[in-house]
Amino acid sequence: AAVQNDIEAPSKGDSKELPAVDSQYSLVLLGSELSISNDMNSNHTVVFMNLEGDRPDVIADFLHRLKDMGFLLKGAHAEQFEAVSWRHRYFVQSPETGSKLSAEEVRRLRAGLGELLDMK
Numbered sequence: 026a027a028v029q030n031d032i033e034a035p036s037k038g039d040s041k042e043l044p045a046v047d048s049q050y051s052l053v054l055l056g057s058e059l060s061i062s063n064d065m066n067s068n069h070t071v072v073f074m075n076l077e078g079d080r081p082d083v084i085a086d087f088l089h090r091l092k093d094m095g096f097l098l099k100g101a102h103a104e105q106f107e108a109v110s111w112r113h114r115y116f117v118q119s120p121e122t123g124s125k126l127s128a129e130e131v132r133r134l135r136a137g138l139g140e141l142l143d144m145k
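Residues in the sequence shown are numbered consecutively from 26, following the working numbering.
Everything labelled a hint here was simulated from the structure, so no lab data went into it.
Heads up, simulated EDC-like pairs for lysine to aspartate or glutamate below, C-alpha to C-alpha not over 20 angstroms straight-line:
#, residue 1, residue 2
1, Lys-92, Asp-143
2, Lys-92, Glu-140
3, Lys-92, Asp-82
4, Lys-125, Asp-93
5, Lys-92, Glu-129
6, Lys-99, Asp-64
7, Lys-92, Glu-121
8, Lys-99, Glu-121
9, Lys-125, Asp-64
10, Lys-99, Asp-86
Quick list of the computed label-pair ranges, beta carbon to beta carbon:
#, residue 1, residue 2, range
11, His-89, Ala-128, 22 to 28 angstroms
12, Val-109, Glu-140, 18 to 24 angstroms
13, Asp-64, Gly-123, 16 to 22 angstroms
14, Leu-88, Arg-132, 19 to 25 angstroms
15, Gly-78, Ala-128, 27 to 33 angstroms
16, Glu-129, Glu-107, 33 to 39 angstroms
17, Ala-128, Pro-81, 29 to 35 angstroms
18, Glu-77, Glu-129, 28 to 34 angstroms
19, Ser-127, Glu-107, 31 to 37 angstroms
20, Ala-85, Phe-106, 16 to 22 angstroms
Note that beta-carbon positions come from the ideal geometry of N, C-alpha and C, so glycine has one too.
Using the sequences and the hints given, assemble the complete structure.
Written out as structure tokens, the structure reads:
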């Protein structure tokens, strides 16, 4: 199934919709969603997190988790939508290639972030 959001993909032109995200890189948790895509940007892996509730610590926790795992953060954006939800978008690179994450790195990142979201 295609994933549709009103988050703008990083580009010079206007973006109306995000392309579908491969389900093997998605993890849905109660009240939260994590999606990781290597198809959204030519040089970065894009991480999307939709979070329910007020979690002001999540950005700092995310940054610490990335650092602990050895990944490079190249950009971030967070915005509130609806009354109690937040939408986060992060641009990540591999320290080994300076580009998108490999399939194995995506699996490691997804597991690490899944643990982070589960620590509510």
